[in-house]
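In order, the protein sequences belong to chains A and B.
Residue numbers for the first sequence follow the numbering used here, so the first one is 1 and each next one is one higher.
Residue numbers for the second sequence follow the numbering used here, so the first one is 312 and each next one is one higher.
Worth double-checking, as some hints may not be accurate.
Quick list of in silico lysine-lysine cross-link-like pairs, DSSO-like style, CA-CA up to 27 angstroms [said to hold, decoys possible]:
no., chain 1, residue 1, chain 2, residue 2
1, B, K613, B, K370
2, B, K315, B, K370
3, A, K4, A, K302
4, A, K59, B, K613
5, A, K302, A, K59
6, A, K115, B, K370
Please keep in mind that the hints were generated in silico from the structure rather than gathered at the bench.
A quick note: this is a predicted structure, and the numbers were derived from the prediction, not measured.
Protein chains: 2
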Amino acid sequence: MTLKVAVLPTSTAHLDEALLSADAVLTSLDNAQALIWTGSDHTGFPRNLPSTIEWVQLKSAGVRPWIISGIIDAHRTWTSAVGAYSDDVAEHAVALLLGSLRLLTRHARANTWLKDETWGAVRSLRGRRVVIVGAGSIGRAMIPLLNALGTQAIAVNRSGRKVDGAETTVAAGDLNTALAAADDAILAGASTDATHRLIGAEQLAALGSNPRDGAPGVLVNIARGDLLDTVALTHALHAGIISGAGLDVSDPEPLPVGHELWTMDNVLITPHIANPNSRMTESFAAFVSENLRRFSAGRALKAVIDLERSY
Amino acid sequence: MTLKVAVLPTSTAHLDEALLSADAVLTSLDNAQALIWTGSDHTGFPRNLPSTIEWVQLKSAGVRPWIISGIIDAHRTWTSAVGAYSDDVAEHAVALLLGSLRLLTRHARANTWLKDETWGAVRSLRGRRVVIVGAGSIGRAMIPLLNALGTQAIAVNRSGRKVDGAETTVAAGDLNTALAAADDAILAGASTDATHRLIGAEQLAALGSNPRDGAPGVLVNIARGDLLDTVALTHALHAGIISGAGLDVSDPEPLPVGHELWTMDNVLITPHIANPNSRMTESFAAFVSENLRRFSAGRALKAVIDLERSY
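Chain A extracted, bound-state conformation (with noise of 0.2 angstroms):
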């Protein structure tokens, strides 16, 4: 029987094809199983969802305001876009690693030649220890990266149960010593109760406690803004207890006009553009036709989001 599916608020021309390719057809809300979401966050998601309903796909891989606004709820199965943009999400995460230990911020805003004042200052990632905060989807698409350039990967994640490519793998619980032994750290988790401000002051010492050639590490957000204590951060690279920081996110996010951490030359802020739109639409679909192919199957569904995890 050939699978139906609203697409709300908007289809793609690569959904379009997305469902051709899995034999779906395109109906309006009320005859169709399946909903694919396609807003980036809940606003004019529709409040009453018919029973008809067995199953909505997010185009979000962070869903925790979804699951705030009490709208996921327990009658169908509901899934996120986690694992859809990883490697694009990897990627960024590189780039304002090196960035931030290549002092970037401080070059694009210099206007003049600064060797003499930088050159000691540039650190190489070779060699250096990065621990991965949440080895999830995305951590785990940078671990080959990382390896790539000559890096150790520490991943933490709830168990500890060994993540692949990673030198070791540690449980949350052990995440201080995890950080006090790398040199720099990507935060890649979930938002989630339990992940809540999960880096503050503590953590950051710990950071900043091994200092290699000289200086301690860096630490760079790609995930969700509350993961991280701002006024901590700021107060930890105000203090030297690390070097420098590169973030996609904030807390409060934006982060407003006047912050402190604009001004700072040791700090690469980018906007939460580290899935850029130029392949979101192109991503999302490709995850979407491996669902309804899923779908159609009876088989289970990728990223699945489970209420008690808030994930």
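Let chain A serve as the given structure and place chain B on it in line with the hints.
Same frame as chain A, now just chain B:
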């Protein structure tokens, strides 16, 4: 017989260890068979070398100024440090390429959250084709990094002989065709008479002729400033013929105060720091150690300078 080596103007702890590990002893210039020159240029280099000096090891990978100065003679073997720093420089090339595609100059200069302005313009490296102009030691070191990032490398070298890991290799005579087929370009060749201003208006037009995701590609130069015509580059950036540039070298170098390139938001400039000082001493000592062993064993040295080829 123990090899006698002079190290001028000053040695380092890493070099002392390298001599020790190669069973060489430090002597004065008059008693030495080999000279390790640790200066970054030829300032203070002894003009009348004793005829007993059979080999001179320089610290620089690029030796054009040495050749122009007339210091390099035919009475002994001269070696550069080509290859010693390749991994660090390749890493910087990737940092500048990612930084250009992800608009890091514009973001680093911002003091507000530019998501609406930049999200549509940021690009991922994944799926792009990058031409490496000059696939020597540094160019070849980039290929595994580009491959890990999901990118195809097109290598350009003198002969067109296949370079490992590159999707295709083309001879220097087909440079313009390679540029037209690629999305982005990295200049990694040596500075020689043949490569002087190799990239001008015509080559930039070829590079930009094939826009992907609605915009032409970017150019990175981590080689030597004079491979690139600065006036043509500035024009191409203004005219949107290419969409950005990442430059670790310039012509003239240092780039003068007040130069227009300093003001452009689509240009990422670093002051010739691709090979960070923090790693240079160590990398050079490892290279010297290998050449000391080869010299003692009567084997061919690494990076022998070829006066005819000028590198």
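Results of checking the hints against the structure:
Proximity of B/K613 to B/K370 is assessed by CA-CA distance (about 13 angstroms); at most 27 angstroms being required, the pair is judged to hold. About 19 angstroms separates the Cα atoms of B/K315 and B/K370, which keeps this hinted pair within 27 angstroms; it holds. Note on A/K4 and A/K302: the hinted pairing holds, with a Cα-Cα distance of about 19 angstroms set against a maximum of 27 angstroms. Distance restraint check for A/K59 and B/K613: the Cα-Cα separation of roughly 54 angstroms exceeds the 27 angstroms cut-off, and the hinted pair is therefore not satisfied.
A hinted pair counts as satisfied when its Cα atoms are at most 27 angstroms apart, and A/K302 with A/K59 qualifies at roughly 13 angstroms. As the CA atoms of A/K115 and B/K370 are separated by approximately 18 angstroms, the hinted pair is consistent with the 27 angstroms bound.
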